[in-house]
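Enquirer: Here is how the chains run, residue by residue.
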Amino acid sequence: MLLNLTDLSSESLQSQIVRQIREKILSGELAAETSLPSIRELARDQRVSVITVQRAYEALLREGLIHSRRGKGFFVSELKDNEKVKMAKERLRDSIAPLIVSASNEGLTKKDIIETIDIILKKNGRKN
Amino acid sequence: MWKILDAEIRYHRSAVIAAFAVGALFVMFMALSGMVKSDDSITATSLMSTVMGLYIYLLIHVGGHQDQEKRDRLNAALPISIKQLGIVRWALLILLQSGFAALSLVGVIAANKFNLESLFQLISSNAFLFLIVALIAIYQELGHFGTRAYRRIFFELLALFLFLIAWLILAGHIITFLRSIFEPYMTPQGAAIYTLLAIGLFFLNVIIFARRRSYLS
Amino acid sequence: MTKAFEFNNVVKSYSEFTLGPLNFSLEPGTVLGYIGPNGSGKSTTMHCLVGLVKAEVGEMRVFSGATDPNKPEWKLDIGYVGDVHVFYEGWSGEKNLRFLSQFYPDWSDQRAIELAKRFNLPLNKKAKELSGGNRVKLSLVAALAHSPKLLLLDEPTSGLDPVVRAEVLDVLFEVLQDGERAIFYSTHILSDISRLADELAFLDNGQIKLRAAKEDLIERWRKIAFKHAGNNFKLDATASHKQEGADHQVVSFDHETTLRQLGELGAQNVQAYRMSIDEIAVQILKGAGHVENS
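Residue numbers (our numbering), protein chains in the order written: chain Y, 3 to 130; chain X, -11 to 205; chain U, 209 to 502.
Bear in mind the hints are in silico, worked out from the structure with no lab data behind them.
A couple of the hints might just be wrong.
As the list claims (entries may be wrong) - Take a look, some chain X residues computed to stay more than 12 Å from chain U by CB distance:
1) Phe17
2) Ser86
3) Ile124
4) Gly178
5) Phe191
To be verified - Dumping the calculated DSS-like pairs for lysine-lysine here, alpha-carbon to alpha-carbon at most 27 Å:
6) Lys58(X) <-> Lys262(U)
7) Lys336(U) <-> Lys325(U)
8) Lys334(U) <-> Lys(-9)(X)
Unchecked claim - Which residues of chain X face chain U? A partial, calculated answer using Cβ under 8 Å:
9) Ile(-3)
10) Arg1
11) Ala64
12) Ile68
13) Arg77
14) Leu81
15) Arg201
Since the model is a prediction, treat every value here as computed from it, not as a measurement.
Quick reminder that beta carbons are idealized off the backbone N, C-alpha and C, glycines included.
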């Protein structure tokens, strides 16, 4: 599995692992029942400590994105499309809530905020 | 544990060969040149072994000293028991001294001076030499303990000994004193005592080494 | 499972300071980073474990063996890279390694050669001709060639160029693969262990002030900036507090508690920043006294 981990981000390595695997799962890149590398394998490949990967996997387990089978390792969980969308929405809401509050404190209206979102999506090649 | 001895021999190989070569030449020269007069049998052979012994000790101690101290640290980290390490540290020296003793024996035989007395002399003088070296080594080991007490005791004993020598010299007894040390060289009892003392100090040394608190140089 | 090593009430005294009492252990499959100022006793800790120095009190175990100087089998499980590198100076690296190989039944010449190649270490040069960095490499090869279960590493990357340093860390990550080996890694170069270490132990003046999972430290410590007009309040869980006018900067070792408190105090423009392991380590070692179980 190709991950892009960096020490330069303000995001911890553990978070980066969780986020990148989550994206792959929610986007469908990792299909249901795909097996994930073992904790030690991933730690060795990514040059991080075992505890870092362990905690990342624990977080993904808690979110219901992966499950483990005793003796067999970790696997991507089966999620219906609408479940995936719901998860993604919740995460979006959690992460932009403080930003939106802050923006509105700075005087932006709902229209301003939506315009900004449009610009961002266009820049990243997604319309609608 | 003998792997360490093997390594030491191989490491010092050229020095060892050179020392033996010179020693052998020296012995042959002394034995065959007739320098050893018949009435000098007491001092001659002891002189031979003493000179040669000193020669090789100089070689090993001065040359190897710098390396040796640090190699204690290398050896102490290896998976061998500390007591075995303590013994094998002496192995090279004992081996070399035995070699030179053998050379002396050959020289004595070649000079037709071989009899029971010269045999006892050989044993005694080598044991005595070993004793001196062991005492020096113990002094160095005590230094590792870092406790002043041991060193102070040693110096006090040394001072007492020197005072005794000074008194003997002043009182004109030095010759008889020396005689009393060297005469037993020729007797079986003397040989036995010196040998036992040497063995005793050897084991004392091994024990002190095993009790060191630190093997860092 | 047997621990990789155990210190039980170990004390080693010197005239200037005392190391211990040390009571800690290491689980197989993990990496423990050992951090502390010079002279705090890090090297001495390893000397005790490897038998180069005898502790006055206490005992140690390495896997299933007690560290008995007369039953040295426990040393077979150890690969040690110390603060001083000793060799037969007149011999080449290769000869030195051949000497050492006689003492370890699990030694692999092939592994030694392969490691020397990866670390760019010439094995045909005499030990006394090797530069400082190359001496470290030789020690590393010697320590790794018999695939020991416990690696005791004291500044193992000092003097190494960045390429070789990365290679050494790669090798260490590989060593950890089977989950049965452990690494005890003492260093000042925190970037070495910032990824490798599972846990960090901070040593100061002979005592372990703190031992924590690296991830926990990274999660809990934050630099927090905020605005507040008042200047007479004491914030919980902070290691330092700077103030200029209404601008404040604190270092917190439990940011949730501090942020909650700031919320109650009505602080404005609160921004929290993650801290690197370096920064956290400096804070812990500077004000170590009052930092408990962060």
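Enquirer: So, for every hint listed, does it hold in this structure?
Expert: Outcome of the hint check:
no.	hint	result
1	Phe17	31 Å, holds
2	Ser86	24 Å, holds
3	Ile124	23 Å, holds
4	Gly178	36 Å, holds
5	Phe191	15 Å, holds
6	Lys58(X) <-> Lys262(U)	17 Å, holds
7	Lys336(U) <-> Lys325(U)	20 Å, holds
8	Lys334(U) <-> Lys(-9)(X)	21 Å, holds
9	Ile(-3)	12 Å, violated
10	Arg1	10 Å, violated
11	Ala64	6 Å, holds
12	Ile68	6 Å, holds
13	Arg77	15 Å, violated
14	Leu81	18 Å, violated
15	Arg201	5 Å, holds
Checked against the numbered hints above, the structure violates hints 9, 10, 13 and 14; every other hint is satisfied.
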